[in-house]
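There are 4 protein chains.
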Amino acid sequence: MGSKLKVAIVGSTGYGGVELIRLLEAHPLAEVTSVISSSSAGTPIAEGFPHLSEIRTDLLDGIDPAAIKAKADVVFTATPAGVASKLAPQLLEAGLKVIDLSGDFRLKSPEVYEQWYKKEPAAEHDLQRAVFGLAEVYGDQVKGAELISNPGCYPTATLLGLVPALAAGWIDPSTIIVDAKSGVSGAGRGASLGTHYSELNENFKAYKLNKHQHIPEIEQVLTDVAGREVTATFTTHLVPMTRGIMATIYASLTESRTDRDLIGLYRDYYHGRPFVRVRNEGIWPATKEVSGSNYCDIGFAVDSRTGRVTIISVIDNLVKGAAGQAIQNLNLMMGWDELTGLNFVPVYP
Amino acid sequence: MGSKLKVAIVGSTGYGGVELIRLLEAHPLAEVTSVISSSSAGTPIAEGFPHLSEIRTDLLDGIDPAAIKAKADVVFTATPAGVASKLAPQLLEAGLKVIDLSGDFRLKSPEVYEQWYKKEPAAEHDLQRAVFGLAEVYGDQVKGAELISNPGCYPTATLLGLVPALAAGWIDPSTIIVDAKSGVSGAGRGASLGTHYSELNENFKAYKLNKHQHIPEIEQVLTDVAGREVTATFTTHLVPMTRGIMATIYASLTESRTDRDLIGLYRDYYHGRPFVRVRNEGIWPATKEVSGSNYCDIGFAVDSRTGRVTIISVIDNLVKGAAGQAIQNLNLMMGWDELTGLNFVPVYP
Amino acid sequence: MGSKLKVAIVGSTGYGGVELIRLLEAHPLAEVTSVISSSSAGTPIAEGFPHLSEIRTDLLDGIDPAAIKAKADVVFTATPAGVASKLAPQLLEAGLKVIDLSGDFRLKSPEVYEQWYKKEPAAEHDLQRAVFGLAEVYGDQVKGAELISNPGCYPTATLLGLVPALAAGWIDPSTIIVDAKSGVSGAGRGASLGTHYSELNENFKAYKLNKHQHIPEIEQVLTDVAGREVTATFTTHLVPMTRGIMATIYASLTESRTDRDLIGLYRDYYHGRPFVRVRNEGIWPATKEVSGSNYCDIGFAVDSRTGRVTIISVIDNLVKGAAGQAIQNLNLMMGWDELTGLNFVPVYP
Amino acid sequence: MGSKLKVAIVGSTGYGGVELIRLLEAHPLAEVTSVISSSSAGTPIAEGFPHLSEIRTDLLDGIDPAAIKAKADVVFTATPAGVASKLAPQLLEAGLKVIDLSGDFRLKSPEVYEQWYKKEPAAEHDLQRAVFGLAEVYGDQVKGAELISNPGCYPTATLLGLVPALAAGWIDPSTIIVDAKSGVSGAGRGASLGTHYSELNENFKAYKLNKHQHIPEIEQVLTDVAGREVTATFTTHLVPMTRGIMATIYASLTESRTDRDLIGLYRDYYHGRPFVRVRNEGIWPATKEVSGSNYCDIGFAVDSRTGRVTIISVIDNLVKGAAGQAIQNLNLMMGWDELTGLNFVPVYP
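Residue numbers (our numbering), protein chains in the order written: chain A, 37 to 385; chain B, 37 to 385; chain C, 37 to 385; chain D, 37 to 385.
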């Protein structure tokens, strides 16, 4: 065990952090040597998360780059917006590698970050050296990176559903509409009326229309892939369930295509990528079919009457949309098999 | 009590039928004198629906037009597709008025019905005399009708959200995309893997893409309102909740408009219509805010970046999407105040 | 409308308060003339509760006994523990009648209140003049009362399930065990980790074992009915649903009885009491069968092997367990028919 | 891989079977070489369970002992009551070891089986050679067994919560009352009104009072442990969630004990047993804290006022209550570490 890679998790008391713990406990090549929380330092992590009883008996550490370096080689920062922009440079300076799960290093433009996040952006040179960790698209850049910016949950489902068709020129970039739905865990563990059980149960609601901070992240990648400025309509909804995201994506086809054509295109694009599964004709994935796993499952419905394609893309927001994808990036960064420690069967039912 | 209008309900053991009972028990001018079910005739209705214990102590009747006429003046048919097309003409002949909650009289074209429902259509002249009971749009025709075809749940939410903008020419009819989500009660009380708790709970799924039988109903009205052929993309999803529909509607604006413009347009259009509530700027309704009531609540989000408007429209699928709207039609048909027996406050939380 | 009784609601922004509004909007003899909230005074009630849009367009008032008296004749106080003990005497002095939905006047002993609620108790003479509003047991005292203490949600389900058997001497008072389960709305609208969706969904948990403040309230009535000191084991659990309470009650029979015997006993005891429904042999009520209504439904299972009876008692915690029962008490207090404004059919499904 | 133990699963299209697949895919020493279903033989297992797409690409086999023997060494039978009683002897004869997840071999008395299951019992000598696989109690017998009868879900939660106190003589066997609650997956994948989403969601219901077939199984073990005939009151409820069981257990203490005493007793009893976790004083486990894992978590609340102890015991019904416990038994049977392939962190939230 002494030969395992030592990793630390900053933000261990959030849902992203605690999911990293769950997944890393099963990782054969890495071990969590420090769980860190600024707010709860000094208390046992299992106190706030009794499901970890007898699994993690350690206390939460405070945030101190030197102390982290003494315990670990790689750090996951699963912190609120505005924290990692300051912390990650210190961790890098201390000789640590960093995988950030927040939005702080996702947008290349500090101005755009400031506009959507209403926080001070990271330094320009840090933004430039951060690699956007959407492994199925930018996997080559991830290998050997020092600072990885893990994609957002909505962008992951949306981009994996859109990139192959957009890259192939099969859809008109000016017609993209993404109707996204998420389970409540995406809103984090903070208590508010917006996460109150009685307000959300038996309720379906839309929120942040045209204002969600994941919009510029999606458009940045779409623009990169399309080779031209892409603006998309993106809507978010809250589903009365804990885990899961579905992106229902609409776009006009540039010429006549069938479901089979799209299935073929996507299977080619994702060939050798173990975490994307493309469904057969006339079958669309449901969120539960990827629950607890790192899969992104995709299905298609071409409507010849309107010339549009509808693409269904689902992930578990806490796994492929956060902790699982971060570990996938760790695997690539370390030169390990992408699947290492991540080949869980989805939990069904 | 003797002076109340006598009504019968065919299909009393489905969710639409039992919701009619719930609402009519509180109606001051009508009373249910016969609950009818072909499959359970002779048994107490409260046996299969214990929530009706001591409220309805009567037995279910069988289907017999003459017997129904002896007991009632108006009949609600809440039956599976293919039943009312045969039964309603017999009931009309017996001198009864009919409000049908199924899809059998919604489409004016028998061919289109056959294509989408895979059933034998109603007779052409019955289709012609049936009035499509979307009261906020076709209210004048409802008054005095003999045969009312109650709109489908998805079409109700969709059309109330679209008609004013389309009628005003504010949106481009060729750009309409409707991403609709429904609670599970919309699938009825029949037991199947598709309504199984463990399969649906903590799950969000898309179904019948481009194949839902409500598509031609929506397009028929949109075409009528726009005065030109309208084809729309329409997607349906199942939400892990019992009641509620949200239609998230996308369309390109024909010229620049603000949220306020749309709010004004819709409030004018629905002036005097008590069941449509238009939210203020930057606020969108959630399904729970209409639960148990006959309201349809609507909100807007114009995106100046893309020139599109997103319209959120919510209803309770069993009330405004079925039983409540049917009673609203009864009220209009009888010349009563539209609100009679329907001014319930939504059940929240 | 001018002739309706004017009522005010203190604590209108809690779930109990807003449910009072829902029910009173349908009451033919009373109208809500003032909605009161110390924390949100001056804002429209519909802002925080959009389901009330266009139904209640008034602003929330602050707490001022003289101002309340100018607007109303009866006040419901739906406030946290420790508020009504001070406020109610002022309201009474101002000439108002008061129905308190909190625990402040339920326990006759100030010491016991202080021990379980950890708050300063109401004055002894106020405790003495308060009538415990369990109408099916103490209905006679409710008529003409000035200050009614509305029972807690758990005690209502528990006591209606226990009193007839205990009063008849059919069960051994020393053997009573109550295993109670509640939907989350019972915890109120306050946001905390304990009401967080992701923590409660797909989760079933026990809480406050042997420490719930409803224990002394239950024992006070059981002691009164039995004519001897009764101590009961009482456990509370949180169910992942919004509304509903089930009390599963265990007790040893003092002599051999059948389900039918118990059904007969209970139907006799509750004869003329419209809100208690006793199920037939071998049938037990589920919480959804009373949802949204003022019913308490009860069923039995005698186990001849162990000599014990299991009693199932269900209510909607916000209706019969709070707002509905309070209106039932208003009806009795005013000399109206108990059913007035409360004869809702449960919302099913 | 060739050196892994080959196992077959009869009943692979039920929830128990498919959970066996999920867990065994992660087992380092065993591999599933045949998935068997009498009803769906010849079709791909991933067709009915799309979460297995690209994980299991094999077709379902039919039931044929010789064919099974050619492919496997151990068979799990996850079949409805009445199947394994006939099938297991054939499999044993073919030289296979069998772990049965049904109730067919749990009761030592054929008469009692017939009375509670209303099916023909297994042959007496098969009942005698079957080992009851509650590993924490009968672990020694499991090692080297040929036929293991895996305990029921309710009995597992109940017995692990009761056995140490009963064995120590700390509780009075005549006072045991078990109030048990289960998620819906316990009812299996068959579609019926009893598993219909709209009937169960936002609903809490009791069922099979004093009639559940797990009662004799619980009493058989309690009687064995107590060394005298034990009769218990046992009630089952359905919780609107998919996974999880809680047993809330009540019993009178034979002499005064504290929570700490019980915690100490249970920690001693389960010393070296990795799957039972005993909570600290004043803390009780919730079902989500074991979800997806093989843990059984236990907590206590002694009530000095009544002399009773309340014991809370939780499991995931599909893991510790079925597939996980079966694999735990496989591990013991094969002489492997009990934890092999089962050290999953619970999925939270």
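Calculated directly from the structure, the hints in this document are not laboratory data.
Hints may contain errors.
It does not matter which identical chain is used: a pair holds within one copy or between any two.
Calculated lysine to any residue pairs in the SDA-like style (CA-CA distance at most 25 Å, straight line) [as the list claims (entries may be wrong)]:
1. Lys42 - Ala62
2. Lys42 - Pro64
3. Lys122 - Asp373
4. Lys42 - Leu375
Model, not experiment: these values are computed from the prediction.
These are the hints, each one checked on the structure:
1. For the homomeric pair lysine 42 and alanine 62, the shortest alpha-carbon distances inside one copy (14 Å) and between copies (23 Å) are both at most 25 Å.
2. Taking the shortest Cα distances, lysine 42 and proline 64 sit within 25 Å of each other both inside one copy (12 Å) and across copies (24 Å).
3. For the homomeric pair lysine 122 and aspartate 373, neither the shortest alpha-carbon distance inside one copy (31 Å) nor that between copies (46 Å) is at most 25 Å.
4. In this assembly of identical chains, the alpha carbons of lysine 42 and leucine 375 lie at most 25 Å apart whether taken from the same copy (19 Å) or from different copies (24 Å).
Figure legend: structure checked against the earlier numbered hints; the only hint not met is number 3.
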